[in-house]
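Please model the entire structure based on the sequences and the hints provided.
Residue numbers (full-length UniProt numbering), protein chains in the order written: chain A, 1 to 113; chain B, 1 to 321.
Do not take every clue at face value.
[As the list claims (entries may be wrong)] Just some of the chain B residues that point at chain A, by a computed CB distance under 8 angstroms: (1) N25; (2) D26; (3) W27.
Think of the hints as simulated: they come from the structure by calculation, not from any bench. For clarity, every value in this text was computed on a predicted model and none was experimentally measured. We put the beta carbon where it would ideally sit given N, CA and C, even for glycine.
Here's the letter readout for the chains.
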Amino acid sequence: MSEERNGFYQVFEVFSKKTDTSSLQHQFSLLAPNRDLAFIMAKENFFRREQVADIWVVKRDDIKRMSQSEREAMKHLNKDYRETKGYGYLKKKWRQYEQEQLTEKDIMGGGDT
Amino acid sequence: MTVASEHQLERFMNRIDSGEKIEANDWMPDDYREALIRLISMHGISEIMGALPEKEWVPKAPTLHRKLAIMAKVQDEMGHGQLLLRVAEDLMEPLGKNRDDIMQDLFSGKLKFHNVFHMEAPTWGDAGIIAWLVDGAAIISQTMMLGTSYGPYGRALKRICAEEVFHAQHGESIIMALAEGTKEQRELLQDSINRWWPSLLMFFGPKSKAETGHTNQDKNMRYKLRTKTNEQLRQEFLTKYVPRIWALGLTIPDESLRFDEADGEWKYAQPDWNEFKRIVTGHGPKSQERLSLRVRSYEMNNWVREALGKSALASEVGSYE
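What follows is the structure, encoded as structure tokens:
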């Protein structure tokens, strides 16, 4: 009995996009015996009202997620050197040379905005 | 389950105290897991059992508009049950249990459901009172838990609360129509309030274990599963709804009910907590009838689960060929 019932339901994770231009967002998980029913359940469970442009259902077993320790390790990484805030001291430096530091907008300049 | 080291426990409590959210696969003490399973499976099953008294009113709703609205509400409640059972299942997985165990625990009486859903809903006034005041009470306790330390429960509650607002307004609309209706309609509504008042007071649970000999609220507050006591929630409910009930010219069947300015709280006659215990242990007026309805539908639909299970296995085998 136990073998049989464990083989019946699988966990699916549901993702959706609200509009064509919005990013995919995780909604929730659900139980379904197969992918087609998971898709129907996703519509019934999560989109009775909301506007939706696309729905993805993915079997949870096919997703690699971070463990608690992996998540914690990510928090401790200092990535200032990858971001503009790691170069904030330049503003003062340029003032010493009687120049304004170019802003992000100045650097990007030229392109269509 | 392993025995928790003091270090693990301390780190866990630090995470909770600093407002971090605990996720399903994170380390957690056994009694945190147990408290969550108890709370969330009870909540999930109550959503499903709560759809039953309302579903009785789908075929009898007075207009097509009302029928569509109450059908939508019943569907939402079942959807909320689905969300919450998923959260409970992920917590039960390490214990080797799943949804089937939750259903079996419900059928055997081990898993309890909310006191209000053991009660009768004989008139359309009850449909209005359930949606306005029972859902109103549910919103108060659910929004209190939005910041819960357990991430998946908080995310489920966020979805649920958004829909509860429609439920409460659907209820307001029904009671407003009755309150502004004929003498008979007003009497019907007044009868429903009289019938539901003790159940509404019981909804939030006893003030302390002095009333029923047992409460989980201290532990649940320490783990930040909840942030307010049963009595604080009941007081909020009274502040929100008593003036509105009175404003409609309706009465509440408790002559001692009043707001005490000096103490800054509502004084009310305690409901019969022995009766509460009788109701939640499956001895309410509709407990057995609603449970049998659930058992019957579970058994009648068993062939669907079996057939889908077989086709799921077959398609998996097929995909590897």
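_Numbered hints the structure breaks, given as an ascending list_ = Result: no hint breaks.
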